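Construct the entire structure; sequences and hints are all you get.
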Amino acid sequence: MQYRKFGKLDYRASALGFGCMRLPTKGSSSQIDEPEAIRMIRHAIDQGVNYVDTAYGYHGGNSERVVGRALQDGYRAKVKLATKLPVWQVKEAADFDRILNEQLAKLQTTHIDMYLLHSLEQKTWRNVHKLGVLRWAEGAIADGRIGCLGFSFHDVYDVFQEIVDAYDKWAFCQIQYNYMDIETQAGLKGLKYAASKGLAVVVMEPLLGGKLAAPPPQVQAALNKAKTKRTPADWALQWLWDQPEVSLVLSGMSTMEQVEQNLASAAASGAKFTAAEHKMIAQAREAYRASCPIPCTGCRYCMPCPNGVEIPYNFEIYNNGAMFDSLSDAREEYAGVAEGERASACIQCRLCEDLCPQHILISEWMPTVDEVLGQGKPYPKS
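Heads up: the sequence shown begins at 119 in this note's numbering, then just goes up one per residue.
Treat the hints as calculated values from the structure; they're not laboratory data.
DSBU-like mimics (lysine-lysine), calculated; alpha carbons at most 30 Å apart, straight line:
hint	residue 1	residue 2
1	K224	K198
2	K196	K390
3	K499	K343
4	K209	K241
5	K287	K198
6	K307	K123
7	K347	K123
8	K123	K196
9	K347	K397
10	K310	K397
Being a predicted model, the structure only gives us computed values, none of them experimental.
Right, here's the structure in full:
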């Protein structure tokens, strides 16, 4: 195992962290295959992984319980344990202690080394900030229940910078980042900004939910140009580890085979990328983007829609389903969009089209988006 500097903390983190959002299950996502999950977690720790990440809501609330059991028999002392405060459930300041104490009981521990405000975006951040979460966290650090404070993030860069700048005692942050997400959410700009402020940066979704591990033929062809032969997953992981600002890469692993593959990748994480390899990754990125049907850049000049449609988000879901050959995932995500924000709510007023710098015929695309994602029709042939 290779180890990396973790921000300002006196701690060297394993290159690979064990993410406990995708543990093996029996049937529903809340029914964890506990013996196998414990075997996988302990095997990873035995091979040098020293960071285990879970959250209050993972696996219907059962991930913390299983992690707590996995870290018995001396394993707790071998790792830094991370879990997260579900900020969307916080209605009053008393919820901070209530939730943390529940987590400590589920995890069978007296302290949580790395405590995160989970999945911050502008609304939830401003709510918990107003309720005094930073002052409360400092008290929890003082009484020993948590070791340090960080946050995970899912919003735009400007909000990310606002959160980083709001508190000079952040120890770390967790961002979605991979070679396709260099301009998404915090992105490369956020990675570098957080690191410049002394924060450790934990990367989640390094394989974009597994999509980068099974690329379409045109992307695989770009990866095959490299002299060094690696799996698509290994290329994506090594690209991350080549960046010194990345403190640790989290992977959610569902099988022992995935654990072994990721451990092998982490053991080789010290190698530097060549210029040719960086070029190859850029070509793979462009190969993905070439299969993107709608040339939306997410600039949001079209917003707000007078009828409430989340235009860029609908396009993002549609494009991702096409680029990553994951139509079922796209339909599931679309089903979770509020009815009035879906493409189906478009009334073809065309006001947005005058504002679009890409000159997209939005009113013509919206019915197609809904037909494919909401009505079960296939993607139209190009």
